[in-house]
Amino acid sequence: MTDKIILEVARYNPERHSEPTFDKYEVPFRKDWVILDALNYIKDRLDGSLSYRWSCRMGVCGSCGMMVDGEPKLTCATFLSSYAPGPVRVEPLRNFPIVRDLVIEMTDFMVKLKKVKPWIVRKDEKPISEGEYLQTPQQLENYKQFSMCINCLLCYAACPVYGLDNLFTGPAALALAQRYNLDSRDQGAHERREILSEHDGIWGCTFVGECTEVCPKHVDPAGAIQQYKVSAAMDWFKSFVMPRGAE
Amino acid sequence: MIERPSYTEFHPRWHRTRVSTYWWLERWRYVKFILRELTSIFVALFVVMTLLQIRALAHGPQTYQAFQERLANPLVLVLNTVGLLFVLFHTITWFNLTPKAMAIRVGGKRIPDVLLTAPNYVAWVVVSGVVAWIVMEG
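Residue numbers (my numbering), protein chains in the order written: chain E, 3 to 249; chain Y, 5 to 142.
Because the hints were derived from the structure by calculation, they are not lab data. Just so you know, even glycine gets a beta-carbon here, dropped at the ideal spot from N, CA and C.
Capping the alpha-carbon separation at 16 Å, the derived lysine to aspartate or glutamate pairs in EDC-like fashion look like this:
#: 1; chain 1: E; residue 1: K45; chain 2: E; residue 2: E10
#: 2; chain 1: E; residue 1: K119; chain 2: E; residue 2: E193
#: 3; chain 1: E; residue 1: K125; chain 2: E; residue 2: D188
#: 4; chain 1: Y; residue 1: K104; chain 2: E; residue 2: E215
#: 5; chain 1: E; residue 1: K117; chain 2: E; residue 2: E193
#: 6; chain 1: E; residue 1: K6; chain 2: E; residue 2: D39
#: 7; chain 1: E; residue 1: K45; chain 2: E; residue 2: D25
#: 8; chain 1: Y; residue 1: K36; chain 2: E; residue 2: E215
#: 9; chain 1: Y; residue 1: K113; chain 2: E; residue 2: E143
Non-contacting residues of chain Y with respect to chain E, defined by C-beta distances greater than 10 Å in every case (computed):
#: 10; residue: L42
#: 11; residue: T43
#: 12; residue: V47
#: 13; residue: R59
#: 14; residue: Q66
#: 15; residue: R74
#: 16; residue: A76
#: 17; residue: F90
#: 18; residue: P123
#: 19; residue: E141
My request is simple: use the sequences and hints to build the entire structure.
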């Protein structure tokens with residue numbers, strides 16, 4: 003086994019480059035190192051100008067998503083040893099504008115996320131003195147999977163629909179909308195339906211299924227979207243058969 | 005409509021990578037998706053073929069015989085074989101995707117995927133069996 007591995011890292015400086023180029027760095031090959039460790043080694047020892055986002059380094063914060071050999075990955079959870087003998091290509095997440103080096107611009111996602119109202123919507127809030135909204139373990143189970151999303155955007159980088167037309171609301175925002183729709187404490191499904199059922203909402207999804215494949219938290223956004231398509235179609239059908247009594 | 009984020013004119017000059025026309029060749033899973041989308045053409049082709057066959061049948065035995073002979077043309081045979089492969093691919097991939105769209109819970113637990121996939125295959129075999137029986141016995 004070699005004790006060094008080459009990383010080909012995408013570099014882009016908006017003031018100097020017209021498009022990204024690749025720089026090669028030789029880093030120690032250690033079995034217990036993830037890609038992020040190698041990037042930190044480059045930043046500390048080889049080239050302090052390299053820019054990238056990271057924080058928790060334990061798969062919770064969702065900051066360190068990058069393309070590793072063409073696949074969207076959390077670099078804190080992707081071992082160097084999986085890419086031996088190298089070289090390993092590290093690029094910024096696909097389908098987003100690049101700000102610098104490995105840093106992407108994600109405001110588009112933030113706007114979309116807010117749009118689907120990913121919070122508990124109540125018709126009337128009960129006073130705090132009446133206590134919490136209780137939930138059974140089964141009610142929690144209904145949406146728990148979709149609540150595991152860490153907004154890392156790997157699903158957006160994997161989604162060709164979003165890549166080709168970024169008006170599409172996208173996997174994570176739709177899965178999070180469904181997370182609140184399925185929450186027994188929430189009463190906002192009707193408000194969300196207007197936003198989710200439009201052309202750029204669930205119907206934009208052609209079920210490539212790649213979002214689910216790359217999701218590091220096993221959220222299954224593709225499943226969430228298809229399940230919502232089924233319930234939206236049922237609601238439409240009900241309103242068609244029973245125009246007045248569907249709600 | 006989704007509102008577009010607005011920025012001041014002083015934001016950094018971003019780089020936007022264009023998506024290649026051949027994006028679907030980049031990964032086998034994308035190729036599989038495009039193939040699955042293409043299967044719809046062959047499904048439509050089979051439907052049209054069946055409708056033509058029924059029309060020929062309605063026009064009497066001679067027309068039907070002529071239609072059958074046209075079906076035996078090697079080119080049509082090749083087309084139908086390719087079509088059959090695509091239709092099988094269509095059926096199997098969609099059957100296998102059913103559990104994604106249906107989260108059925110019994111006693112609070114999601115039922116295993118195989119319980120949603122298997123009935124599709126059983127129905128397929130039964131319906132094919134019935135059709136084969138009608139064709140063979142009739």
